[in-house]
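Model the placement of chain P on the given structure of chain Y, informed by the hints.
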Amino acid sequence: MDMATTTQAATAATVVTGAAPLVEMRDIFVAFGGVHAVQDVCVDLRAGEVVGLVGGNGAGKTTLMRALSGAHPADSGEILIDGHPVVIPNPRAAKALGVETIYQTLALAENVDAAANLFLGRELKTRIGSLDDTAMESATRKVIGRLNPNFKNFKTPVVSLSGGQRQAIAISRAIHFNARVLIMDEPTAALGPAETEQVRNVIKQLKSEGIGIFLISHDIHDVFDLADRISVMLHGKLVGTVNKADVTTDEVLGMIIMGKLPNEVTQKELAQLHG
Amino acid sequence: MTQVPGDAQAAAPRRGLARWIQPVGAVVRGVQLGARTMEVDIRLTGMILALIAIWVGFGFASDGLFLTPRNLYDVSVQSVPVAIMATGMVLVIVSRNIDLSVGSIMGFTAYMMAMTQAQWIPQTLGLGYNGAYIWIVALIVGILLGALIGAIQGGLIAYLEIPSFVVTLGGLLIWRGLIFKVQQGQTIAPMDNTFAILGGNLPQGSIGGLLTWVVGIIICVGIIYALIASRRKRREYGFPVRPQWALVVLMAGGCATVLGAMWAYNSYPLPPLLATKYAVAHAITEPPGGLIIPVGLAAPVLLLGAVTLGMMFLATRRPFGRYVFSIGGNPEAAILAGINTRRTILGTYVLLGILCAIAGAVQAARLDAGVTSTGTGYELLVIAAAVIGGTSFAGGIGTIPGAVLGAVVMQSLKSGMVTIGVDSPMQDVAVGTVLILAVALDAVIQRRAK
Chain Y
1 MDMATTTQAA TAATVVTGAA PLVEMRDIFV AFGGVHAVQD VCVDLRAGEV VGLVGGNGAG
61 KTTLMRALSG AHPADSGEIL IDGHPVVIPN PRAAKALGVE TIYQTLALAE NVDAAANLFL
121 GRELKTRIGS LDDTAMESAT RKVIGRLNPN FKNFKTPVVS LSGGQRQAIA ISRAIHFNAR
181 VLIMDEPTAA LGPAETEQVR NVIKQLKSEG IGIFLISHDI HDVFDLADRI SVMLHGKLVG
241 TVNKADVTTD EVLGMIIMGK LPNEVTQKEL AQLHG
Chain P
276 MTQVPGDAQA AAPRRGLARW IQPVGAVVRG VQLGARTMEV DIRLTGMILA LIAIWVGFGF
336 ASDGLFLTPR NLYDVSVQSV PVAIMATGMV LVIVSRNIDL SVGSIMGFTA YMMAMTQAQW
396 IPQTLGLGYN GAYIWIVALI VGILLGALIG AIQGGLIAYL EIPSFVVTLG GLLIWRGLIF
456 KVQQGQTIAP MDNTFAILGG NLPQGSIGGL LTWVVGIIIC VGIIYALIAS RRKRREYGFP
516 VRPQWALVVL MAGGCATVLG AMWAYNSYPL PPLLATKYAV AHAITEPPGG LIIPVGLAAP
576 VLLLGAVTLG MMFLATRRPF GRYVFSIGGN PEAAILAGIN TRRTILGTYV LLGILCAIAG
636 AVQAARLDAG VTSTGTGYEL LVIAAAVIGG TSFAGGIGTI PGAVLGAVVM QSLKSGMVTI
696 GVDSPMQDVA VGTVLILAVA LDAVIQRRAK
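Taken in sequence, the protein lines are chains Y and P.
For the first sequence, the residue numbers in the numbering used here are 1 to 275.
For the second sequence, the residue numbers in the numbering used here are 276 to 725.
It should be emphasised that the hints constitute simulated quantities derived from the structure, not laboratory data.
Because the structure is a prediction, the values reported are computed rather than measured.
Keep in mind that the hints are not guaranteed to be accurate.
Claimed, not checked - According to the in silico footprint, chain P covers these stretches of chain Y (three or more CB under 8 Å from chain P):
hint, region
1, 71-83
2, 95-103
3, 108-116
To be verified - Listed next, with one range per pair, are the computed distances between beta-carbon atoms:
hint, chain 1, residue 1, chain 2, residue 2, range
4, P, Thr708, Y, Val86, 56 to 62 Å
5, P, Leu477, Y, Leu124, 46 to 52 Å
6, Y, Gln104, P, Leu435, 28 to 34 Å
We put the CB at the ideal spot given by N, CA and C, even for glycine.
Here chain Y stands alone, though its shape is the one from the complex:
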């Protein structure tokens, strides 16, 4: 396996879809004061594809995705959606472009109920311009019911719900508004085994519906199970992007820890990984 094959595979995939990638991020640069959190990173995502974004703590995965979700715009670089350059100065702009995000913190308002969170910023209104809580509750019951049939507490503030229920609200919020691009930041980090399985099924289903997904995860097995391609970051830079089918978990681990592509790693170094 060498870089040529990787590039070839990527080219082939592009030819199959026959269009520009759904999302292309070029030469993204983000700094916090003097710290270069993300430097010259290029990643792309196609419709119906899951791209795993992996790397150690502080590798810049979340910062890169915050540039795409509008939470913290990039200092420089270019973002293209369907091949057209776009500017994403705030979360509203990202949502308008069909980019939805499930943050690691879930970003829920703890003091209001599921429906209020799901429709936050995009409330349904009645003819006289007042909030249509009944319609919002109805839609919420439907969309959350699909994810988690046991969800019953539609009238209680989110603060008193379980981690899985809160996750269900965050996911529902991201998928209810016809997202084309989904960013999932550690979606299973706080979940039990059953709930993790539910999230995996959701990802597979969304993928089959043609949604492109950036999946940030610490769990390399999660990524191997779900992703089509894997982009590895280290110290704010992109180590490389590989097709999952072409690499082993050890090789990806080598990229994460040593910042070396599979063809650059010696057998000795690989052996050292396992201590």
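Chain P alone, transformed into the frame defined by chain Y:
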């Protein structure tokens, strides 16, 4: 809540505080259960019960003096300025800010409204004192000024991110100080006749017997319609609804409260001297024993009702209110959800500025003058009303009707203590104690609920 700890405690000899906590706990649990079945706000229910207890308590302690229609009329009118501002303070505190300048804004706008109607229009512009438009022009001047002050302070807080405590502490000094720079701080009087209606002073400050019943019936129809409409809509969507008996109890309770209040207002006859004046003015021969004219609902109370409804609509039925609460619950989440949090915060201050001006209008009308001291110290009363009404300084929690009730509770305590001869310093001690107790009780209940 399990029974076990309670039983264990019951077996042990009870001393001191414990003896009091148990019956209180039992009452709280009872109210909680009832409120949950009826789907009404537990805290609001508790406050209404507390208010009833205060009224009945002072009624007994003052040999009925407190519960006379006349005293209740005064308590309700005196509650109005603080209550009006408290409805706006709720939104400011809910979104994790504070406004210490409300008393000064109220004083400044009141003074400027007084100037408009007693100096600028009649004298500076030479248009005389009797223009039918004077009251509305004065009111508009005050409201625009309040909105402008709110916008300046809110802008500094929302867009320059200067702490609200600092900005409004500055505002407290600035707006109060500026009063003295207009007309050297002289007392400006009298107010325009129509404007004076807002003050609730007799005989012109109430709407009379017949209109009072009309208003009462309209409110009752509104309550019944709202309850039925929301029930029908939830049925349509197949959602659970509250049991039928709870619906009937709510309707009956709501209507009885409203009509009871209207009855109380109408049981207050115009004082004999004013009644005689009325008879003379309308060429009526006074029957023996004097003319009995029901005073009816006070105009400022009607205004407070309208303000409360409007603010409730904004807070719970409009996206603006939802944004305010979500910012209070999790500011980061509100931004990530795409909410324009700065504009929302600015909005809360503009609203509160407008409400300060309305409160100022009521106060100027009641005093029949613009004076420099109007609203001094009110910032603390307004914040206290909001907090007694269940607004949390942690943000994200608070209700408009709670704040109004909070203002009425404080005024009832003060007025009640006057009727039983407690002096002014001790009144402050009592109100302060109630403030802390209300929040403490809340904290205890919250902790138990978890």
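Here is how each hint holds up against the structure:
1. 71-83: Coverage by chain P is violated for the region 71-83 of chain Y (1 residues, Cβ < 8 Å).
2. 95-103: Our answer is that it holds, as 3 residues pass the Cβ test (under 8 Å) against chain P, meeting three.
3. 108-116: holds (count 6)
4. Thr708(P) with Val86(Y): 56 to 62 Å: holds, 59 Å
5. Leu477(P) with Leu124(Y): 46 to 52 Å: holds, 48 Å
6. Gln104(Y) with Leu435(P): 28 to 34 Å: holds, 31 Å
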